[in-house]
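Undergrad: So the chains spell out like this:
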Amino acid sequence: MAKIIIDRNRCKGCGFCVVACPKDLIRIDKELNIQGYLPAMIADNDNCTGCALCAEVCPDVAIEVYK
Amino acid sequence: MAKIIIDRNRCKGCGFCVVACPKDLIRIDKELNIQGYLPAMIADNDNCTGCALCAEVCPDVAIEVYK
Amino acid sequence: MYYDVIMAGFGGQGIMLMADILALIAMKEGKNVTWMPSYGVEMRGGTANCTVVVSSEEIGSPVTGHPYSAIVMNEPSLLKYEPMVRPKGFLLLNTSLIDPEKTNRKDIDKLLLPANEMAQRLGNSQMANMVAMGAFIEKTKIVSLELAIKLLPEMFPNRPSSFISNNSRAIEKGAEFASNGGDFSV
Amino acid sequence: MYYDVIMAGFGGQGIMLMADILALIAMKEGKNVTWMPSYGVEMRGGTANCTVVVSSEEIGSPVTGHPYSAIVMNEPSLLKYEPMVRPKGFLLLNTSLIDPEKTNRKDIDKLLLPANEMAQRLGNSQMANMVAMGAFIEKTKIVSLELAIKLLPEMFPNRPSSFISNNSRAIEKGAEFASNGGDFSV
Amino acid sequence: MKKVFSRPKSLVDCQTHFCPGCTHGTAHRLVADAIDHFGVREKTIGVSGVGCAVFMYDYFAFDAIEAPHGRAPAVATGIKRVHPDKIVFTYQGDGDLASIGTSEIIHTANRGESITVIFINNTVYGMTGGQMAPTTLLGQKTTTTPYGRNFRNDGYPIRMAEMLATLEGVAYSTRVSMHNAKEVLKAKKAVRKAFEMQIADMGLTFVELLSACHTNWRVKPLEGQKRVEEEMIPYFTLGVFKERKEKDFL
Amino acid sequence: MKKVFSRPKSLVDCQTHFCPGCTHGTAHRLVADAIDHFGVREKTIGVSGVGCAVFMYDYFAFDAIEAPHGRAPAVATGIKRVHPDKIVFTYQGDGDLASIGTSEIIHTANRGESITVIFINNTVYGMTGGQMAPTTLLGQKTTTTPYGRNFRNDGYPIRMAEMLATLEGVAYSTRVSMHNAKEVLKAKKAVRKAFEMQIADMGLTFVELLSACHTNWRVKPLEGQKRVEEEMIPYFTLGVFKERKEKDFL
Amino acid sequence: MAEKTLLKGNIALAQGAIAAGCRYYFGYPITPQNDIPEYLSAELPKIGGTFIQAESELASINMVMGASAAGARVMTSSSGPGISLMQEGMSYMAGSELPALVVNVMRVGPGLGGIAPTQGDYFQATRGGGHGDYFNIVLAPASVQEMFGLAIKAFDLSDKYRNPAMILCDAVLGQMKEPVILEERGAEAPPARPWALTGAKGRKPQFLKTLYLSDGEQEAHNLELKGKYDLLRKEDVLFEGKGLDDSEVVIVAFGTVSRIVKTAIQMAGDEGIRVGLIRPITLFPFPAEVVRRTAKKIRRVLVVEMNTGQMVEDVRLSIEDKVKLRFYGRPGGGIPTPEDVLREIKVTLDEKGF
Amino acid sequence: MAEKTLLKGNIALAQGAIAAGCRYYFGYPITPQNDIPEYLSAELPKIGGTFIQAESELASINMVMGASAAGARVMTSSSGPGISLMQEGMSYMAGSELPALVVNVMRVGPGLGGIAPTQGDYFQATRGGGHGDYFNIVLAPASVQEMFGLAIKAFDLSDKYRNPAMILCDAVLGQMKEPVILEERGAEAPPARPWALTGAKGRKPQFLKTLYLSDGEQEAHNLELKGKYDLLRKEDVLFEGKGLDDSEVVIVAFGTVSRIVKTAIQMAGDEGIRVGLIRPITLFPFPAEVVRRTAKKIRRVLVVEMNTGQMVEDVRLSIEDKVKLRFYGRPGGGIPTPEDVLREIKVTLDEKGF
Ligand SMILES: Cc1ncc(C[n+]2csc(CCOP(=O)(O)OP(=O)(O)O)c2C)c(N)n1
Ligand SMILES: Cc1ncc(C[n+]2csc(CCOP(=O)(O)OP(=O)(O)O)c2C)c(N)n1
Ligand code: SF4
Ligand code: SF4
Ligand code: SF4
Ligand code: SF4
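Chains as they are written, first to last, in this note's numbering: chain R, 136 to 202; chain W, 136 to 202; chain X, 3 to 188; chain Z, 3 to 188; chain S, 2 to 251; chain L, 2 to 251; chain V, 129 to 482; chain U, 129 to 482.
It is worth saying that the hints were derived from the structure and are not from the lab.
There may be inaccurate statements among the hints.
Only pairs whose alpha carbons sit at most 30 Å apart, straight line, appear in this in silico DSSO-like list of lysine-lysine [said to hold, decoys possible]: (1) Lys452/V to Lys329/U; (2) Lys158/R to Lys183/S; (3) Lys332/V to Lys4/L; (4) Lys3/L to Lys44/L; (5) Lys227/S to Lys243/S.
Model the full assembly from the supplied sequences, consistent with the hints where possible.
TA: Have a look at this one:
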């Protein structure tokens, strides 16, 4: 059992986490955040293994990981 | 047949030529030159082979070699 | 004749280009003009803004604290520049990105322009700046609208003619909107 | 009381040391004193010289264009400094290295001192500066000769007593020479 | 559930001014991570160069100073000599360290100052608008090499990690990348190692981190990461160029 | 009899200000020899650094300029870019080139400017009175390392010929000595080669010449020569560190 | 009238340099002048020139020195911190009597500072930031047209006096666009440079240096330099004067500030206040004579600067102390508005003499 | 009276620094100040201090900046070209409000120049060779005793104002020996430095910077700096005055020149001419008030400098223009003799008013 929380408003939408997730659970949202970026969102938290690769690769430290 | 000419007043008496001469033909004079140094002098020009090692090593370019 | 305007928005909205075009037309019309951007040490983020002064006389200060008008393309720009506009001045707001409720001034003339939506309907929301340009010129008449359209090919020598015609259309549509004050159709 | 002297020679003749000693004695006697060397960008070659000013009053300029006296230890120094000495001033020449014929001034007092030879006879031609020192002090009396000798151990704390006694002797011999004006014996 | 990954305590909880995808952010986190890891936040002093990372003091929760462009190693030397017990590091871009600051980094390294140098190589001058850096690749277009970098006029991309490794005073010199998660994990280890060796007073430790500057390369973030892998790494080989094992060297 | 050895024409017939035995004199002659050898006196421009050799313009019979301390490579770059057909060289001491001028030599080398650099390594600052140089040996006493150079405080003697050899822009990098006739002959070859390669426009050529500074080492000339051999050469290995064979490199 | 082009100040300056025959640029990036190197990196190669991005400002100024010594028209450009790093080199160039153009598009100081407009480097430019007894020739444009024209003028003066010339301006002038008439450069080619290092072919070897060791030689050299500065003060002072005969107060201001002041003067005129303007175009040599003469007549002088008071010293040095002198300045990127200046005009008029 | 020691000026200065508690020296060799680093390289290690020969003057000043930021009393020393290279760093230090002592034992400029005595760096020292609106605190010793004492004073002022202080002297003062009383430094320890970077233990993290980006922040910072300079002008002016009441002419001269002038004044006295002297000890802040007051009374002022006229501007700025002001200067290592000065005194007396 694991999950991630993406800080929607801290995210700048670079998409690194999307690519980093080995289980392909993250995607880019369709709505702008307050910064004006399209942020990442977790599409499927149930299958998250808590590997934290998304968090490691996030330049904006916008992801927290729980296990 | 070879010979060297040491410019007595240009010489600063470092002694490099004395050491460089493979035939040991150069020595340091006992009298000061106008610069106030004890200059090198050729003690025995007859045996000079014109190898020019003394000239090569002279920092003050005070030696000319003839052959 | 003297007129000044601050144009503001975020980077990528084509603010500088808009200002460029205005300045260029003014120059072609034989007026004096200054174009003055303000930008920070940082490459990005924050607002992009540019002051254009047009005058028939020698222009003193290219910097102005109280412009006759402002074009604000996003909300932070509204907050910053609305208060500066002179009494009886003119404010053009891009209502696609700004809630018109947020304006405060009662003593100035305002044009509420849904620039992005109009541009989108014209096929490309990137042209919002051109729409605004057209509306602004029509409204203020500080330069000739015809000249603006005529000069487009010269200004974008390397762009395809479709680009030119699209932008012409955007300018025209903006102008139309301004002249019939409020309604638009494409 | 005011007195100034330029001491000059080539590097290695101990000019600075000579000046140092003079300045030190003057200081110990409670006088004001300045010691001012002049040297070029280059490390070596050329003359070494030092100006010492001794005064009972506050000393203004440590640099002097017209000293009361000069000690010249080699020929280039003679050429440079003899002309500067004030009329009625005093010139000490090291005749071991200078041809006395080369002097020009008639309006100054001169002491012709074979300093190197005297030093050599005392066992070390390096002490020529001490010989000159002794002669100069004896002649000018600007500081106390006794004190000069008394201070030697303090000035050279790390030297053997033979060094001190030799130098004392050199100073004394120089002074003797000056007082009986011309002849010397060891 | 337990939080297994969160923002390091040494990293202030705020928005950075960096462009989307800029791995300056990653590098900041890695530094903060190492400082937390060794529990030295209260004795760390950071020195920022001038470049996109000049605002370091806004992002790190420890003492910091802004050095003149290129001079961070000299400033760090001054600090470290006064506080030999503190952890001192510089954070510099490739313009800052490899161009204007060449002399300072070389001599600071040669003196073997016990400081850590975090070097961000993104092949351009980010802050000033994408001009050529000493690390710009041959053929790469920048705002001052509009026809591509040409070695006959502009010289060659310089490899700092290798050059510094030749100096006696350097304890550790490595090049890592941040273009994907695997490399970030390696970079994290390298940064920790660098601080660990500083704590052990072994000499200067140097970590070169390859980074994209999407904005000035004029590419999307993910494209930038790809270019790091495909164009930078072949020239700027990753690896450890020097690692001193003993404290009592020479 | 024919004169088989005489003063090169490019060397003015006058007394130098160098100390007795100072091989700055030798190095000057070797440069003049090479210029004569290639018949380029009328197209040579020399750039002197600041140090005991600052008066170069008094000794060479070709055009010359005095550069600010350490900046000779930058000045030479300016000259060479204006006159690509001229022969341009710098003449610098170890303070000038390896300390204050580090940045300039590295980037000029990295750009591969077609100039020749004559580098006199005598382990001290001669002109200013024998202070520590970057090349001062460990333990060596100088006026600013009165207790001997200590690497913990003062860093390590830096090896420029090796470091520069790592740069792509360098066509030739060698270290020679001048402490006896045999070495002087080798040095002569090296200097000629450096100018030859410049004439062929192959990139930067660098000749490091080991030299004694008897005055500041406080030794007699012959003792100094011995110290070069016994103390300097073991650390500053003689040899060719790089020699490019082709003109069309990279 | 010749055709106008809408140009950014920095670009106009770069084009002016090219028009003046400058073909060599060496520089290091720094905001707010990056347009200059960026433009020249694209243009110079096309016309047989050379652009090098130097590794630092130290390298830049020394490359400039080399190229100048080699006989070329050459320039560099930078801002605050970079200009400070060039001070040794500029001192050497003045000492070696080498011409070149150095552009300072000022940024806020001291330190790194922001890139807002400022005039905080006036002292550095006019009093010599480098060591020793020398001056730069300093020109202060106030429009994009002058960014072009004074670049040419600066090269000419620099060559005439064999002394570095500086263009001193700010971010407004660098970043602003205005219509410019790009005059063709006339026949006035750069003067011959017999002193240049070109290889001793058919002539004696020659050299360039700043160290003179013989007795009195260095003093003579310094006096010769002083002679040039005296001549500059006599022959090459430039300024713009307006309303110097019948005003109630005269303002002295240069560069961007003079533009703001012009607007203020118009506003004052609307209120019936007659205000004159002296705009120094050469900051060194400072137009002391016109300031003195005008102040003597008008008796009230207001100096406006974007700093805490630098040029005001030159004004003070030019006028009698009976003249009322007021200073208004905003430092650190604060821009005086025309309203600010109008207020100061009124205060100046209201105040009693000293 | 305390015991006297015969000391070279440079050494006295170094001892003054040690007496002031300075334990950090970073510097690069240059004549004529090498005695300072040489002495300190031997002494500092003995008392737990640190001496580093930096790779350049750029590195020196930045090491100084680091050590000062870390809370230490720290110094560097150099001469002309080296000081020019430090201008960026000094500007940063003023901007970051960091104290330190920078010693400039001047040499001739512009360029490399010789090491003869000169005062050619007055402008650079007092008008800011670095970019931006700031000043150095500048002290000018005139004796070996003052080389010692003013070194201490410089540290104190530098700390008081958190601004770099400079000792400006020449080769005569650096190389000359005079008897010195080496007073023990009193209890006045360096002030606390709560702003120093010491690690954020038990307090919030803090930082030192010069770049302020929020609206108005940088202007406020610059005005705060200006406030400090105004306070300096009010509180910490130092000068020596002699015969300011009843002289026929007053001379203004600093450093070595003031010594030569004293001899000339004595010579004049012997001829029955009463001459006064104002010797500025702080060059910034300049003792404007005493110069103004004295000039008003005596009406004839002679300024003597070893340059082509730099401090004379500060004198001019201080006095009314009815006062007769004459300048006598020798640049490039020319030393005015007492006879020269005496001649100038007489000319000043002879000349009519303006
Ligand atoms: C002395 C000086 N010269 C130039 C600059 C302008 N400048 C600021 S940052 C920078 C380079 C930034 O590039 P880099 O170091 O690679 O860092 P990045 O922004 O890419 O992270 C330059 C040239 C300056 N601030 N100071
Ligand atoms: C900017 C600057 N800093 C310092 C100096 C003083 N200086 C002159 S020569 C020199 C070093 C000389 O040493 P080196 O380069 O090794 O040459 P050498 O005299 O040994 O031949 C120094 C530090 C200077 N002239 N300029
Ligand atoms: S990596 Fe971070 S900043 Fe980038 S999209 Fe994912 S959450 Fe957003
Ligand atoms: S090598 Fe030359 S300088 Fe030395 S002793 Fe021989 S001739 Fe004289
Ligand atoms: S400009 Fe480049 S280096 Fe700077 S924040 Fe943006 S992406 Fe990063
Ligand atoms: S000081 Fe040293 S380097 Fe200089 S000339 Fe003398 S021996 Fe040669």
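Undergrad: Would the hint linking Lys227/S and Lys243/S be met if the CA-CA limit is 30 Å?
TA: holds, 27 Å
Undergrad: Does the alpha-carbon distance linking Lys158/R and Lys183/S stay inside the 30 Å limit?
TA: holds, 15 Å
Undergrad: Quickly compare the C-alpha distance for Lys452/V and Lys329/U to 30 Å and report which way the hint goes.
TA: violated, 55 Å
Undergrad: Holds or violated: Lys3/L with Lys44/L, Cα cutoff 30 Å?
TA: With a Cα-Cα distance of about 29 Å, the restraint between Lys3/L and Lys44/L holds, given a limit of 30 Å.
Undergrad: Holds or violated: Lys332/V with Lys4/L, Cα cutoff 30 Å?
TA: With a Cα-Cα distance of about 26 Å, the restraint between Lys332/V and Lys4/L holds, given a limit of 30 Å.
Checked against the numbered hints above, the structure violates only hint 1.
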